[in-house]
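2 protein chains.
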Amino acid sequence: MQPRIGVLGGGQLARMMIPPAVNLGITLEVLAEAPGMSAELAAHDVGDYHDLDTVLAFAQTVDVVTFDHEHVPQAILRELVARGIPVHPGPDALLYAQDKLLMRARLSELGLPVPDWASVETSEELGAFLASHGGRAVVKTARGGYDGKGVRVVTAAHEADDWFIALAEDGNGGALLVEELVEFQRELAQLVARRPSGELAVWPVVETVQRGGVCAEVLAPARDSAGNVATMAADIATAIAEGLGVTGVMAVELFQTTDERLLVNELAMRPHNSGHWTIDGSTTSQFEQHLRAVLDLPLGATGTRDDWSVMVNILGGPQTGSIADRYPAALAAHPTVKVHAYGKEPRPGRKVGHVTATGNDLDEVAYQARAAEAFFQG
Amino acid sequence: MQPRIGVLGGGQLARMMIPPAVNLGITLEVLAEAPGMSAELAAHDVGDYHDLDTVLAFAQTVDVVTFDHEHVPQAILRELVARGIPVHPGPDALLYAQDKLLMRARLSELGLPVPDWASVETSEELGAFLASHGGRAVVKTARGGYDGKGVRVVTAAHEADDWFIALAEDGNGGALLVEELVEFQRELAQLVARRPSGELAVWPVVETVQRGGVCAEVLAPARDSAGNVATMAADIATAIAEGLGVTGVMAVELFQTTDERLLVNELAMRPHNSGHWTIDGSTTSQFEQHLRAVLDLPLGATGTRDDWSVMVNILGGPQTGSIADRYPAALAAHPTVKVHAYGKEPRPGRKVGHVTATGNDLDEVAYQARAAEAFFQG
Chain Y
1 MQPRIGVLGG GQLARMMIPP AVNLGITLEV LAEAPGMSAE LAAHDVGDYH
51 DLDTVLAFAQ TVDVVTFDHE HVPQAILREL VARGIPVHPG PDALLYAQDK
101 LLMRARLSEL GLPVPDWASV ETSEELGAFL ASHGGRAVVK TARGGYDGKG
151 VRVVTAAHEA DDWFIALAED GNGGALLVEE LVEFQRELAQ LVARRPSGEL
201 AVWPVVETVQ RGGVCAEVLA PARDSAGNVA TMAADIATAI AEGLGVTGVM
251 AVELFQTTDE RLLVNELAMR PHNSGHWTID GSTTSQFEQH LRAVLDLPLG
301 ATGTRDDWSV MVNILGGPQT GSIADRYPAA LAAHPTVKVH AYGKEPRPGR
351 KVGHVTATGN DLDEVAYQAR AAEAFFQG
Chain W
1 MQPRIGVLGG GQLARMMIPP AVNLGITLEV LAEAPGMSAE LAAHDVGDYH
51 DLDTVLAFAQ TVDVVTFDHE HVPQAILREL VARGIPVHPG PDALLYAQDK
101 LLMRARLSEL GLPVPDWASV ETSEELGAFL ASHGGRAVVK TARGGYDGKG
151 VRVVTAAHEA DDWFIALAED GNGGALLVEE LVEFQRELAQ LVARRPSGEL
201 AVWPVVETVQ RGGVCAEVLA PARDSAGNVA TMAADIATAI AEGLGVTGVM
251 AVELFQTTDE RLLVNELAMR PHNSGHWTID GSTTSQFEQH LRAVLDLPLG
301 ATGTRDDWSV MVNILGGPQT GSIADRYPAA LAAHPTVKVH AYGKEPRPGR
351 KVGHVTATGN DLDEVAYQAR AAEAFFQG
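The listed protein sequences correspond, in order, to chains Y and W. So the first sequence is numbered by the UniProt record's numbering: it starts at 1 and just counts up by one. So the second sequence is numbered by the UniProt record's numbering: it starts at 1 and just counts up by one.
Note that these hints are calculated values from the structure, not bench results. There may be inaccurate statements among the hints.
[As the list claims (entries may be wrong)] So the derived list for chain Y, only partly shown, Cβ under 8 Å to chain W, looks like this:
hint	residue
1	Val-151
2	Arg-292
3	Leu-297
The structure presented is a predicted model; accordingly, all values stated were derived computationally and were not measured. Ideal Cβ positions, reconstructed from N, Cα and C, are used throughout, including at glycine.
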């Protein structure tokens, strides 16, 4: 029998698990939120991942449950585990990707380098943090943020009042996470995979370029990262994967500070935008590795196919027509670039695809990727 | 709208079109012969490709029709074309992959190098050919052969009597193809893609190793092929693709004779076993290229990712259990090798998957591929 993996959520991450599943002869079953989603090809079920009966019925058709996103409620995950259904990453680990306050507390406990932070329940507490951190800080909602949402730079305590009010109205109490505004020279991301029996694999650390809080571009490996930076990043990701008991692929977003430290910014406990380059640039893609990891199969090699890979997101996409309408011009101009389209309608700011170029001359590779992506705009 | 490609036939070639279709945001619809076939994931229809109404209904849901195999009857293909449905490769080209006598005649007409051959309708004619060719020859049925079926080495005219009788009973008359037994040092294959508007792309010529008439292994590029051999092979494939008006991917199987000539053996007018290495070894896989070609999109670059790729077929597969049962041992021992499983039950002689290794040391690459494949036997 073919192994059967169930994915909760039908977005592009689930979609990009389809090719390696086809290659390896793994049956991928997606529980999509709605018809017509990115992973529709593998979505024989549509249903609400907040509904226990729906998720249970789905889970009973597969060997292991994994995720397109981190939003499945803990109660549902714990019920699956209680019934003996393998879930990777498991609820104990996933908790730290779902709740940034718990994540910060746990990473501090593990002695990992993080920005100065505090849990604040009132405007006064936020004010105190601001006063002790130069009058500027980053405030984050503990839950529900992504792609820059739920993150705000503040210079006065009242600027988070709406979030405090929302938390109070929520009835569960709760707090906001406040962090020092880190002076960083650049942002990095370290991808790691860990299987239940403990084997770990790390890819080279990469450099991520954000625009408006959204990942725009990834250079792999990060420039000038050989040696110390690469080792520090891999050590941090390894310590987190082991410390939190992560199974599957995890991305650790890092700040490289102006004084050459690495600080953990965010965790994503699933394949991640910073790892899309691996599809075309590494011996084992993050999506193949995730499938192997959640099935507790041996992990694949994580070396690079060429010296450099540059991945550029297609954000928004064409203002008229579809991505495919641009193929005649784009593919003719860039025959070595690999284009990935997510089957989503273009919409401002939406991640609708990405392009990856690889090669041994970074300037040329970056040019190829950026110039190819430009065909899908305007 | 996403482009829609319809594939007649649900075997592993259709299956291997799924990953690039997902990547490029192309909708692939497969008309499979039966449920549970290799390309089932994309097979929303099951039906008989010999039935005009079935094929017409299917074809009307897609932008272009292409193939997993060459067995769709000409009458059906011509009816699709008559109704304005794009078919690639078209019936005029496909004819030469369906009928080896027509192929030999046409290649001879184009002045391309082929073995000495004749069309023989009787045992006496076969005897005359044998007498003028050292008493040995290869007899082939004009239609329906593959993987060594419909091919027979004979040393006496009566050894093809059963085929002559079958042809006579068939009622359409017809003849057998007889060819000289070529003294070759090795077999090569040249893969080419051509789009309707004329653009052509060739991959490096490869060396194929056959066992029992079935492809066992492919070395890419062919050893010692730089220069003359590569140029001759590419020129022959280009001349055939243009001369026959081929659209999509075509493989030309070649003999390299002991006196250093290249002779055309067979044509396959679709992605081909000799091109599976391109999935992991070339910038553009034959399956992605086929999708691009049949949509008349610009073709992708056909260079190699590493100096060498070695593809080994998984023939038959495990005698007990499934391919996936062998993953724990196989993937642990060969973390750089890419394994492809076709979702077919193991059965003696059946092509149930393949493995590809790539790298810059041929001995090491060949060892990796062969040793990894061995885990899926016995």
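Checklist entry - Holds or violated: Y/Val-151 as interface residue toward chain W, Cβ cutoff 8 Å? => result violated (30 Å)
Checklist entry - Would the stated hint for Y/Arg-292 survive a check requiring a Cβ distance to chain W of less than 8 Å? => result holds (7 Å)
Checklist entry - Does Y/Leu-297 meet its interface restraint, that is, does its C-beta lie within less than 8 Å of any C-beta in chain W? => result holds (5 Å)
When the structure is compared with the earlier hints, a violation turns up for hint 1 alone.
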